[in-house]
Amino acid sequence: MKAKSVDRIMTGVIVGIGFLIIALLAALLGYLLIRGVGHISWHFLTSAPESIRSGGGIGPQLFNSLFLLVLTMIITVPLGLGAGIYMSEYAKQNRLTAFIRLIVEVLSSFPSIVVGLFGLLVIVNRFGLGLSLMSGALALTVFNLPLMVRITEQALRAVPREQKEAGLALGLSRWRTITTVMLPISLPAIVTGTILAAGRVFGEAAALLFTAGMSSPRLDFSDWNPLHHTSPLNPFRPAETLAVHIWKVNSEGLAPDAAQIAAGASAVLVITVLLFNLGARWLGRALYRKLTAGR
Amino acid sequence: MIIETKQLQLYYGKFQALKDVDLTIPEKSITAFIGPSGCGKSTLLRTLNRMNDTIPGVRIEGEVVIQDRNIYDGETEVEFLRKRVGMVFQQPNPFPKTIYDNVAYGPRLHGTTKKSELDAIVEKSLRSASLWHEVKDVLKKSAWSLSGGQQQRLCIARALAVEPDILLMDESTSALDPISTTKIEELTRELKKSYTIVMVTHNMHQAARISDRTVFFLNGEVVESADTEQLFRAPRDQRTEDYISGRFG
Ligand SMILES: Nc1ncnc2c1ncn2[C@@H]1O[C@H](COP(=O)(O)OP(=O)(O)OP(=O)(O)O)[C@@H](O)[C@H]1O
Ligand SMILES: [Mg+2]
Numbered sequence: 001m002k003a004k005s006v007d008r009i010m011t012g013v014i015v016g017i018g019f020l021i022i023a024l025l026a027a028l029l030g031y032l033l034i035r036g037v038g039h040i041s042w043h044f045l046t047s048a049p050e051s052i053r054s055g056g057g058i059g060p061q062l063f064n065s066l067f068l069l070v071l072t073m074i075i076t077v078p079l080g081l082g083a084g085i086y087m088s089e090y091a092k093q094n095r096l097t098a099f100i101r102l103i104v105e106v107l108s109s110f111p112s113i114v115v116g117l118f119g120l121l122v123i124v125n126r127f128g129l130g131l132s133l134m135s136g137a138l139a140l141t142v143f144n145l146p147l148m149v150r151i152t153e154q155a156l157r158a159v160p161r162e163q164k165e166a167g168l169a170l171g172l173s174r175w176r177t178i179t180t181v182m183l184p185i186s187l188p189a190i191v192t193g194t195i196l197a198a199g200r201v202f203g204e205a206a207a208l209l210f211t212a213g214m215s216s217p218r219l220d221f222s223d224w225n226p227l228h229h230t231s232p233l234n235p236f237r238p239a240e241t242l243a244v245h246i247w248k249v250n251s252e253g254l255a256p257d258a259a260q261i262a263a264g265a266s267a268v269l270v271i272t273v274l275l276f277n278l279g280a281r282w283l284g285r286a287l288y289r290k291l292t293a294g295r
Numbered sequence: 296m297i298i299e300t301k302q303l304q305l306y307y308g309k310f311q312a313l314k315d316v317d318l319t320i321p322e323k324s325i326t327a328f329i330g331p332s333g334c335g336k337s338t339l340l341r342t343l344n345r346m347n348d349t350i351p352g353v354r355i356e357g358e359v360v361i362q363d364r365n366i367y368d369g370e371t372e373v374e375f376l377r378k379r380v381g382m383v384f385q386q387p388n389p390f391p392k393t394i395y396d397n398v399a400y401g402p403r404l405h406g407t408t409k410k411s412e413l414d415a416i417v418e419k420s421l422r423s424a425s426l427w428h429e430v431k432d433v434l435k436k437s438a439w440s441l442s443g444g445q446q447q448r449l450c451i452a453r454a455l456a457v458e459p460d461i462l463l464m465d466e467s468t469s470a471l472d473p474i475s476t477t478k479i480e481e482l483t484r485e486l487k488k489s490y491t492i493v494m495v496t497h498n499m500h501q502a503a504r505i506s507d508r509t510v511f512f513l514n515g516e517v518v519e520s521a522d523t524e525q526l527f528r529a530p531r532d533q534r535t536e537d538y539i540s541g542r543f544g
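Line by line, the protein sequences are chains W and G.
So for the first sequence, the working numbering puts the first residue at 1; every next one is plus one.
So for the second sequence, the working numbering puts the first residue at 296; every next one is plus one.
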């Protein structure tokens, strides 16, 4: 009898906590959206910011965020896949790999401001990459790469043993079994995980303050030659991202509509990250269905 | 004698799972491994295509000679070995691909690319696995849409498609209903005309029904290995008799 009532009370407490968290989250999201959505317009999304007058937009910042995301992913996805495959399929399970795994965990949970300072000291100054998209991407790599490694490793470990053995038993090499049997099966999990990781990259600010910088050169959106200085595609130019822009406008914006701009930009950021999350789920499920159903 | 083991010992770390196994398995016949759970049947079966290589901490001593070569001589390529020694598992495990792609999978990765050749292999293999008539119109459907028994026959077809000489079956009917089991038993009887089949079974009646030779294991050792008919009619070892009369296990 007693165990039963304790059980009931604890269940109630846990459900209560759950609801509290959901309510908090909903309030936070609602507040951000209600304040900001009214300010979002095509003009706002595409035009350059104004420093003193009102009516500025977030066009370049939005572009910078997306471009930085792409750059980071170009670096981390192949490396993360490779390392994840190695850790799950090739590495011996001993102290060394346990240690590597620990480091990977620690790296991915590093405070981003520390990663930013590390980026400033090592990437920006020592390697001489300067305040640039490339420096920003490398700094983001520091905590995104471990995440990608873990996502890949866990996804591969989740592949049923029978599937792997079926491949090996047909006389395929280990590598072929991994690439043609295991990777396709773990693809939904990898894709979902990657997009979720991308959400974090997209919203990151602290690690970028001292690496990608807090300003952009004037961009010429008709010049797509990545070697030109004012080209948006030049990875070696400084670039203020959306999240950094929000921080800057909020703390030192001089335009009379600074508060609205920050609110609007926050709403854009939140909506984009939400879309990433929903997209990840949808794509993961769609891939899984495609994988398990006939063509 | 297509397969011969000589003083085979296998250790999982410190635990010895196979002890002094000396066996000969004749060509184009069905050999059944029987014995209580945990006696090492699967372990021995998996030494024959070196599937145990994938388990860390496994150590093997002695020889396994297949077609006149010791496969543990350090020179045999596992990929080549496993092409000759196919395997069907306990649970049907088709790939999440179409029926066609499941069967064509092995040949494709071993270098057959011509559509017409693949078509021919797929049809031949599915016919050999007596599945062709059931699936010939739905080859592009997912393999996972088939019933368990069909899936298992598809796995047999998939194994046959890379043209092995030997087929290992580890309790391949234990997850299936009686009708599917009967179908696969009939199929194995048919297949032994062209393949050497080694099967593990928990079901003594199955061993008695379809195998030519039966090997009885206990605690990692071969207790008795004889013609099936003789082993079940007049076992030489008291422990064999106890087991087949259901006194333990
Ligand atoms: N990967 C492993 N690591 C350590 N011990 C193992 C491993 N696989 C099997 N064993 C042990 O080796 C012995 C033989 O196992 P095996 O799977 O070959 O038995 P089996 O005869 O196939 O049994 P069953 O009829 O239950 O399938 C058992 O005692 C088992 O616990
Ligand atoms: Mg077994």
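Hint data in this document are derived by calculation from the structure and do not stem from the laboratory.
Each hint should be verified, as a subset may be incorrect.
Stated by the list, open to error - The calculated lysine-lysine pairs, modelled on DSSO-like cross-linking and capped at a C-alpha distance of 27 Å, are:
| hint | chain 1 | residue 1 | chain 2 | residue 2 |
| --- | --- | --- | --- | --- |
| 1 | W | K164 | G | K378 |
| 2 | G | K436 | W | K92 |
| 3 | W | K164 | G | K436 |
Going back to the hint list, which numbers does this structure go against? When the structure is compared with the hints, only number 2 turns out to be violated.
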